[in-house]
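Participant: These protein sequences, in sequence, are chains A and B. In terms of our numbering, the first sequence opens at residue 1 and continues consecutively. In terms of our numbering, the second sequence opens at residue 1001 and continues consecutively.
Please keep in mind that the hints were generated in silico from the structure rather than gathered at the bench. Don't take every hint at face value.
Chain B is faced by these chain A residues, among others (derived, beta-carbon under 8 Å) [as the list claims (entries may be wrong)]:
no.: 1; residue: 68
no.: 2; residue: 70
no.: 3; residue: 74
no.: 4; residue: 76
no.: 5; residue: 78
no.: 6; residue: 91
no.: 7; residue: 92
no.: 8; residue: 149
no.: 9; residue: 179
no.: 10; residue: 180
no.: 11; residue: 288
Just so you know, even glycine gets a beta-carbon here, dropped at the ideal spot from N, CA and C.
Each chain, letter by letter, is given below.
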Amino acid sequence: MSVQASAGVPVAGRGTDGETEPARKQPGKKVMTERGRAERKLGLMLVAPAAIVMLAVTAYPILYAVYLSLQRSDLRFPDDTEFVGLSNYVSILGSSRWWTDLWHTVALTGITVVIELVLGMLLALVMHRALFGRGLVRTTALIPYGIVTVVAAFAWRLAFSGAEGGFVPVALGLDDDPLNSTTGIWITAILAEVWKTTPFMALLLLAGLALVSDELHEAAKVDGATGWQRFWKITIPLMKPAILVALLFRTLDAFRIFDTVFILSNSGVNRSVETVSVLSYNTLLTRLNLGLGSALSVLVFICVGIIAAVFIRLLGKDTIASGTGGK
Amino acid sequence: MLRVIAGSLTAALAALALSACGSDENSGAGPVTINMWAGTQPGGSFQQAAKDCSDASNGAFRIQFNALANNPDAQRQALVRRLAAKDDSIDIVGMDVVWTSEFAEAGWIEAFPEEIASRVTEGMLEGPVQTATYEDRLYGAPGNSNTQLLWYRKDLVDGDPARTWSGLIKQASELEEGGRLEIAGAAAENTTVWFNALVESGGGSILKGPREPNFDEPVQEAVRIIGELATSRAADPSLAQQKEDQNRLAFQSGQAAFMVNWPFVYPSIKGAAEDGDATAKKVLDNLGWLPYPQVTEDREAKGPIGGFNWGVSSYSKNPDEAFDAAACLASEKSQKTYLELDGVAPTISSIYEDEATKEIYPFASLIREGLEKGGPRPATPAYSDVSLAIYSTLSPPVNASKPNAIEELRKNLDKALSADGVL
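So that you can see chain B by itself, here it is in the shape it has in the complex (with noise of 0.2 Å):
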C-alpha cells in the first residue's frame, strides 16, 4: 500500500519538473525575447511599436509584449509584486513617470549606460527626462509624455475664460448653462497631479527634500484652491468620486462649460462625434483649449507631466539587447506610432513640428510648452506613501475647506515620509 502511495507521489512530481522545464521558451538559438510589460493602450500602439522595434533588430531580439490592466494603480501592483519577488521574466517595464524613484531606489531597475542615455534623451524635452532620472543617473526612457490643458465651450462662455482659478470657478458659477468647472477629485493619483500642480504654479514644492514636506504660502494657496472650487457651484456633484475619464464624459454631454484634463479628451470626444453622438458633435465644434490654468495672475502654470517612460529590469536575463529594446521604444518612430494610434503626446520636441502631429492634435504647441514648463510630482522613493497621504486628505476635496485641512496634510505627509502609520 505505501509503495504505492510513494510511486504515484513520485510519478506525480516528476511530471511537475517535466512541465517546468518543457516552459523554458530561450533555450534554442535565434533572437532573444525580451519581455515588454505595460498597461494596453487602447489603440494597439504598444503591439505595434514592440513588433516595429523586433523587426529592426535584425533578428537581435524580439519583444513579446504582455498587457498589464489599464489602470496605473493596478499595474504597478502587478509589477512590484514580480519585481521584489526578482522575477526574471520581465524585461522591460512600462513605468509612471512617477514610479521613477520608488523603483530605482529599491533596485528593481537599472540605470541607463551613459551612451544609451545621451542617445535616448537627444532632443528631448526637458520635463519628461527629469521624470525618468533619479539622483542625476537616467532610469527610464521617456517612451510618452502629457501635460492637461484647460478645455472650454467657446458657445457657452462669453468671451475669454479667465486665466487663474479663482477667476474660472467664479465665471463658472455665473454660468446659466454647463456652470460647471470639471476636474478629477477621487481620491487616488488624479488629486495629488491637481494638487501638485497647483503647488508648483503657485510657485512651491510640496517636498523639500526627498524626506522633508514644505507648508509655506503656495501649499496653503493650493489647499485653498481645492477647497474653493469643492465649496462652490461650479463643483460637479460627483467631484470626490471623478477620475479624468468621468470628467471627460460629463463635458463630452455637455453638463460643463470648463474641464482641466489630459489631451486623451480630445480625440475621445472626436470620435464620439464621428459616431453620430449630436451633443458630441456640438461640443468638439465649440471647442477651446488654453493651457493650465494659473494660481496668481502675474505667475505662469506650471502643469502637471504625466506619461510613460521604458524601464530595464534588474533581474532581466539578456540587459544588453532590453536597453536597446527600451532605446528603441522610446525612439522617434515609436512615439509617432504612439501619437498615431493612440494620441499620446511625444517626449521629442522636434515631432511637435510635423504636420501630422498638428492634425491628430490641433493644440500641439501648447503641449509642447507645457511639457517644457511643468511642474513635475515630488521624487522620493516614498512616493506612493506621499501621494496616498495627499490624497486621502484632500478627497473628498471639500476636506480641503475644513479649517484643520492643513495641520491633517502635514500629519499624514509625515508619517507618508517615514513610511509609517495607518494612511
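In isolation and in its complexed conformation, chain A is listed as follows (with noise of 0.2 Å):
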C-alpha cells in the first residue's frame, strides 16, 4: 500500500499516456463471442429503462428550455409567441442586472468554498485523528448538513433578522437590521451557507484522508519532516483528487445556491444578495415570461457547465496520473 501510494506522487509529471493506451484499447479488440454478444444486448436491454427515464426528465427539458429560450413567450400572452433567435440571450447578456446576479453569485460560490474548504479540512482532520467518542464526533459534525436547506434558513433568517425580532441584532446591540443592509445579509448569507455545508466537505476530505497511510507519515517522522511539513508534502498531495471532487461538487452547488438566498432575501425581496438562480426564478414563475427567463437558465445551465469542465480536466489529469502510478 505505501509504495503505491509513494509511487504515485514522483510518476506523476511523467507521460501517462504511453503506459495507458495500450491497456485501455485492448477489451475492444477481443473478438466478440456469441455469448458475449447476447450479454451485451441484455445489459443495453437493463439499462434501457434507467437510460429512457434519464432522457425523459432531463435531456428533454433542457432541450425544451433552450427551445423556450430562443421564442418570445410569456405565460399572460398566449398569442404572442413567436420565434425570436438569440434576442433574449441579447436583452440578458445587456442588462446590469444580470451582471450584478452574476457577480453576487460567483462571490459568494468562492468565498463559500474556500471558508467551507479550509473549515472542512479542519473539520475532517478532528473526524479522523479523534481517539476516543469518533462515532459521536462524526454524528454531531453531520447535523447541519441534515437539515433541510429551508429550514436552516429559516432558523438564521428569524435569528438575524431585526424586522422579526431575532436575537442576533438583540444580543450585538445592532440598530439596524442585519438583513436589511449589503453587509448584514451578505455576511448571513455566507454564515448559513458555510455552517450548513461545511460538513458535507469535511465528509469528502475524510475520505481523501483515509487514503493517506500512517507509515508514510511515519517515514517522513523518521526522516525529520515537522508537522506542518508532513501536512503540505504528504497529506495534501495525496488527497488532491478528493479535494478536487469536494471542490467540484461544492462550487457547482454553490454556484446554483437558491433557498438559503431565496429565504434571508425574504422571498427574493432584499436584492441586493440576489443570485441568478433567484432571478430565473422570478422571471419564469414570478413575471410568467417563459422565454426570457428559459435564456437566463440556460444562461446558468452553461455557467455550470463551464464548471464543471474545468473540475474535470484538472481531475482528470490527476486521477490518471495517480492511477498510472498505481499499476
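Using the hints, put the two standalone chains together into the complex.
Facilitator: Structure, rendered in C-alpha cells:
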C-alpha cells in the first residue's frame, strides 16, 4: 500500500498516455463470441429503462428550455408567441441586473467554498484523528448537513432579522436590521451556507484522508519532517483528487444557490444578494416570461457546465496520473 | 428474461392507469364538486362561507376549499402554474384585486354572464367593483375589500395629526417617544400600493393607457414623498424590509406614533391586548384613526384598494354551478362571515350600517368612504411586471431620494410594459 501510494506522487509528472493506451484498447479488440453478444444485448436492455427515464427527465426539459429561450413566449400573452432567435440572450447580457446577479453568485460561491474548504479540512482532521467518541464526533459534525436547507435558512433568518425579532441584532446591540443592509445579509448568507455545507465538505475530505497511510507519515517523521511539512508534502498531495472532487461538488452546488438566498432575502425582497437562480426563478414564475426565464436558466446551465468542465479537466489529469502510478 | 421485464413493465403501467381512473371524484350522481382555491384566512372564514354556500345550494353543488399559501405572490404563482396548464380541477379562484386584467387577458378566467354580474354588483361600492372589471366586463365577484387608514397614538401625539404626508413626517421626526411613521417599504407589492396611492392622491395615475406610463407632476411628487420619508428620522430602520405585518408589530410594541396600514391591525392589536400584552393594551387604549394621508393640503386622498375577488376558471368543467357558487361567496351573508371571523372589510355598502359591523370595525364609516373614493392600482395585463418595476426601483425607499430615481423608473416601466428585458 505504501509503495503504491508513494509511487503515485513522483510519477505524476511523467507522460502517462504511453502507459495506459494499450491497456485501454485491449478489451475493444477482442473478438465477440455469441454469448458475449447476447450478454451485451441483455446489458443494453437492462440499462434501457434507466436511460429512457434519464432522457425524459433531464434531456427533454433541457432541450425544451433551450427551445423556449429562443422564443418570445409569455404565459400571459399566449398569442404573442414567436421565434426571436437570440434576442432574449441579447436582452439579458445587455442588462446590468444579470451582471450584478452573476457577480453576487460568483462572489458568494468563491467566498463560501474557500471557507468551507479550510473549515472542512480542519473538521475532517478532527474526525480522522479523534481518539475516542469518533462516532459521536462524526455524527455531531454532520447534523447541519442533515437539516433541510429551507428550514436551516429560516432558522438563520429568524435569528438575524431585526424586523422579525431575531436575537442576534439584540445581542450585538445593532440598531439596523442586519438583513436589511447589504453587508449584513451577505455575512448572514455566507454564515448560513458555510454552517450548512461544511460537514459535506468534511465528509468528502475525510474519505480522502483515509487514503493517506500512517506508514508514510512515520517514515517522514523519521526523516525529521515537522507536522506542518508532513501535512503539505504528504497529506495534501495524496488527497488532491479527493479535494478536487469535494471542490467540484461544492462549487457546482454553491453556484446554483437558491434556498438560502431566497429565504434570507425575504422571498427575494432584499435584492442586494440576489443570485442568478433567484433571478431566473422570478422571471419564470413571477413574471411568467418563459422565453426570458428559459434563456436565464440556459445561461446558468452554461455557467455550471463551464465550472464542471474545468474541474473535470483538472481531475482527469490527476486521477490518470495517480492511477498509472499505482499500476 | 426479456419477457419477464416486459411483463413487469406492463403490470406497472396497468397499475398506474387504474389508480388514475380511481381518483375521478365526480363520476357519481349527487352535488357537483366545485373546487375553490384561495389563500387561507386565519379565522377560517373562507371554509365557513364555502360550507354555508354548499348547504344553501339545495344539493346543486358542494364547494371544496383548497388552501393556497398565505402570501399573495405565492398564491398567484400556484394558481397561474395550474391555470396556464389548463388544469380543470380549479373552478373558483380567489384573486387579489390586481390580478383581474392579467388573468382575463390570458384567458384563464371567464367573464360573468350579464344576469349574474348585475345580481352580484347590486349595492356594492364602486371601488371594489372597478377592481373586478376588465374591458367593461365583470371578471370577478368582489368578495371583500380593504383600504388603508392612518393609525396614530393619541397619548404620544400632541393635538391632531397632520393631514399631509410631509406634515406627518415632520411631526413624527419631532416626537421624543415613538417618533416613527410606519409604512411597508419592502421590495414587494406593498411598495407599489404605497406609490400608487401617492400618485392617485396627488391627482394623477401611473399609467395613461394599458401600455403607456405617465411621468407628470403627481408621479414626481410621489417619488419625492417616498424619498422624504426614507431619509427622515421618522423612517423605521427596517423600512426597506418591512411588510404590513412587521409595521403592525412595531406599532403594537410602542415603537411608533404613526402607522399607515390595512385595518387588519385593529383585531391583531386587540387580540394581543386581550392576551395580556401590556404594551398592546396601552396602544389599543390610545388608538386613533384617520383617513389616508393627503399629498397636498387641498386635495382629498385616494387610498389604496385591496381585497379579493372570486373568479371562475375558463377550464372549469361546471361553469354554471361555479358562477352560482362565486356569486354566493360574494353575497351579503358570506361577506358578514368574512367580517365576523377574519375582520376583512365588506364590499356591500349596507353592511357598513349594521351595528355588528360598527362593533367589529369602530372605524367602519371611514373604510366605506375610503373605498368609495379610493384609487385602484393600474389595470394592465402586464400588472405583475409593472409592479415589479415599481418596487424594484423604489425599494429600498431611500432609492427614491436619488437624483436619477425618475429616470430609473422610466427605464424599468418601459421594460415592464413591453414585457421584455430583465427586471
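Participant: Next step is simple, just say for each hint if it's right about the structure.
Facilitator: Outcome of the hint check:
Proximity of residue 68 (chain A) to chain B is violated relative to the hint, the smallest CB-CB distance being about 13 Å (cut-off 8 Å). For residue 70 (chain A), the interface hint is violated, the least distance from its beta-carbon to any beta-carbon of chain B being 15 Å, above 8 Å. For residue 74 (chain A), the interface hint holds, the least distance from its beta-carbon to any beta-carbon of chain B being 5 Å, beneath 8 Å. Interface restraint check: residue 76 (chain A) against chain B, minimum CB-CB distance 5 Å, threshold 8 Å, status holds.
The criterion of a C-beta within 8 Å of any C-beta in chain B is met by residue 78 (chain A), whose closest approach is roughly 7 Å, and the hint holds. Against a cut-off of 8 Å between C-beta atoms, the interface hint on residue 91 (chain A) holds, since the closest Cβ of chain B lies about 5 Å away. Restraint check, residue 92 (chain A) versus chain B: the minimum CB separation of about 6 Å is within 8 Å; hint holds. For residue 149 (chain A), the interface hint is violated, the least distance from its beta-carbon to any beta-carbon of chain B being 18 Å, above 8 Å.
Hint on residue 179 (chain A) holds. Least Cβ distance to chain B is approximately 6 Å, under the 8 Å limit. Interface hint status for residue 180 (chain A): upheld, as the beta-carbon distance to the closest one in chain B is roughly 5 Å, under 8 Å. Checking residue 288 (chain A) against chain B by beta carbon gives a least distance of about 6 Å; that is within 8 Å, so the hint holds.
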